[in-house]
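Enquirer: With the first letter of the sequence shown counted as 1, position 26 gets the number 26 in UniProt numbering; the numbers rise by one all the way through.
Because the hints were derived from the structure by calculation, they are not lab data. Even glycine gets a Cβ: it sits at the ideal position worked out from N, Cα and C. Some clues are possibly wrong.
Here are the simulated EDC-like cross-link-like pairs (lysine to aspartate or glutamate), alpha carbons at most 16 Å apart as the crow flies [stated by the list, open to error]:
#, residue 1, residue 2
1, K170, E189
2, K212, E178
3, K125, D324
4, K290, E134
5, K290, E107
6, K266, E202
7, K49, E98
8, K212, D229
9, K170, D157
10, K68, D30
11, K266, E246
12, K233, E189
13, K290, E182
14, K195, D221
15, K195, E240
16, K170, E269
17, K44, E98
18, K363, E407
19, K450, E407
20, K376, E407
21, K170, E98
22, K266, E240
23, K376, E400
24, K266, E179
25, K266, E178
26, K290, E178
27, K366, D396
28, K366, E305
29, K195, E269
30, K363, D373
31, K121, E134
32, K75, E98
33, K195, D216
34, K170, E107
35, K158, E117
36, K290, D309
37, K234, E189
Just the calculated beta-carbon pair ranges, DEER-fashion [stated by the list, open to error]:
#, residue 1, residue 2, range
38, H227, S185, 14 to 22 Å
39, E204, A375, 52 to 60 Å
40, D216, A444, 58 to 66 Å
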Amino acid sequence: MRLPSFNDFSPGIIGDVRQPLLTLQRLAPDFSAVVSAWANDYFKGADNKRASTNIPATLTSLGLFDRKTCALTPKGEVIAAAATPLAGAEALSAHVVETRNGMMIIEAVRALNRRAEPVSKVSLKRELQLLGVEGLSAATTDHTTLMNWMAAAGLLDKSANYLPVDAALKRVLGVTSEERAEIASLPLEQQIFLKILRRLAEAEAAHTVPSKLVTDECLRDYPTQFHEDQLSKKVLRPLEAAGWVELTARTGGRGAKSGMVTATSKLLEVPFSAVVPDFDEVVPADLRDKIDMPRSDIQRLLLSEATFDRGLGLELLALRMMIDLGLQPRSFRQRSKDTAYAEVDLTAEGTQLLFSRWNIQCKCVKSNVSLGDVAKEVGLAIYGKSHVVAVVTTSDFSREAINYAREITASTHLQFLLINGPVVRAYLDGGPATLHAFVARNAARVMTEKRQQPIVPIE
């Protein structure tokens with residue numbers, strides 16, 4: 001998933017987004033004349049690639065300009081014809097949201113604001129990468145430029161840390177940031193069901209269709225996402241409880257294929273594009289909306305008597321630790337629900353100085369982590385070509401496990417980061433600085449152990 005390019009096409013340079021489009025419309029197909037006009041309008045007449053290359057490349061990336069015909073695309077014509085500069089910025093923002101992953105900007109700034117974290121080039125990039133956006137280089141300003149166009153459209157409040165303006169979002173995009181976040185937080189199978197129902201119900205006067213019609217399409221097109229005998233329990237009834245659907249005339253038992261299902265106004269009032277699930281998500285949908293949970297609440301979940309709460313706390317602990325260490329979650333190898341809510345495994349990657357891949361295992365157990373637990377991670381790390389094995393536990397490590405990790409550190413390329421309960425609690429109480437200090441001490445110890453390894457061939 002990528003964002004479009006915005007080279008030399010920020011609101012600060014362009015001002016009114018309609019004007020470069022109107023210039024192109026007026027002077028095409030004489031591209032030299034168009035470039036000369038852009039140079040005069042935006043770059044003080046300078047004869048360089050900013051007007052001749054960057055602006056055309058941006059308009060092409062946005063799908064507003066056809067280089068072959070030297071003409072605006074139909075969407076470019078729509079934006080050029082907007083009644084006011086504000087309407088032009090609104091049309092541009094809506095177009096990018098609909099066709100070029102622009103909603104990721106809104107989701108990212110919403111998450112940063114919920115954590116009371118300042119929105120900056122760096123923090124926005126990190127949040128976007130967490131959402132699965134790729135291709136953001138260290139020097140790029142594509143993401144901040146798109147954010148500033150959304151601010152120019154009134155969708156984000158620049159004076160309030162780019163807080164999403166839900167009234168404007170609803171008017172321009174048809175969906176608020178809260179509605180979009182609620183949809184994104186649904187499990188993938190529920191999002192798929194809503195997508196299919198939204199399409200089928202649109203054609204029915206009462207927005208009601210046989211439940212079997214929807215479930216059959218789910219099972220046919222997404223067989224790996226659904227368990228037929230669990231559809232009612234895990235999909236239909238949770239969606240009904242959340243107000244997305246109404247279930248009626250259920251005859252012949254409690255199965256998912258009996259009766260009728262109605263799309264409620266809550267579902268019908270959001271555009272279809274907002275209901276399309278993200279199959280390439282990095283962070284599972286049901287965790288996305290909880291990533292910004294305060295650390296004190298994560299601690300409360302880990303101490304809960306309810307196994308589900310402890311599992312959720314464990315997943316959030318793993319994610320927050322990786323994010324605070326500057327790593328990018330790559331995939332969940334095992335969710336807590338697969339291990340009786342006692343363990344979670346994920347892979348993350350970092351680019352501090354050099355690329356590194358991390359295998360992370362988190363355990364919420366009372367007993368000490370054993371040698372066997374650590375040994376399993378070594379095998380997975382070698383198979384996955386990882387560089388670091390991180391094991392996090394709310395308890396502690398057995399002496400055998402610690403010694404084994406040191407032996408593997410000394411004899412292979414692998415490095416270990418063993419984080420026990422006291423360190424977890426200190427991190428949740430004190431924040432990222434506590435974790436960074438522990439990791440730095442661990443790195444110094446690993447370096448000492450690695451210095452025993454030969455660095456030149458022994459003849």
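Enquirer: Quick one: are D216 and A444 within 58 to 66 Å, going by C-beta?
Expert: 60 Å, holds
Enquirer: Do the alpha carbons of K290 and D309 lie within 16 Å of each other, as the hint requires?
Expert: Holds: K290 and D309 sit about 13 Å apart, inside 16 Å.
Enquirer: Given the hint that K290 pairs with E134, test it: the Cα-Cα distance must not exceed 16 Å.
Expert: It is violated: about 22 Å lies between the C-alpha atoms, which goes past 16 Å.
Enquirer: Is K266 within 16 Å of E202, Cα to Cα?
Expert: 13 Å, holds
Enquirer: Does the alpha-carbon distance linking K266 and E178 stay inside the 16 Å limit?
Expert: With Cα atoms ~12 Å apart, K266 and E178 stay inside 16 Å; holds.
Enquirer: Take the C-alpha atoms of K68 and D30, compute the straight-line distance between them, and say whether it is at most 16 Å.
Expert: With Cα atoms ~12 Å apart, K68 and D30 stay inside 16 Å; holds.
Enquirer: CA of K290 to CA of E178, is that 16 Å or under?
Expert: Holds - the C-alpha atoms of E178 and K290 are around 13 Å apart, at most 16 Å.
Enquirer: With the threshold set at 16 Å, check whether the alpha-carbon distance from K290 to E107 stays at or below it.
Expert: It holds: about 12 Å lies between the C-alpha atoms, which stays within 16 Å.
Enquirer: For the pair supplied as a hint, K366 and E305, confirm whether the alpha-carbon distance does not exceed 16 Å.
Expert: 13 Å, holds
Enquirer: Sort out whether E269 lies within 16 Å of K195, counting only the CA atoms.
Expert: Since the Cα atoms of K195 and E269 sit roughly 13 Å apart, the hinted pair holds (cutoff 16 Å).
Enquirer: Check the hint pairing K49 with E98 against an upper bound of 16 Å on the C-alpha distance.
Expert: 29 Å, violated
Enquirer: Within a Cα-Cα threshold of 16 Å, do K195 and D216 meet the stated pairing?
Expert: Distance ~14 Å between K195 and D216 Cα, so the pair holds.
Against the hints set out earlier in the document, violations occur for numbers 1, 2, 4, 7, 17, 18.
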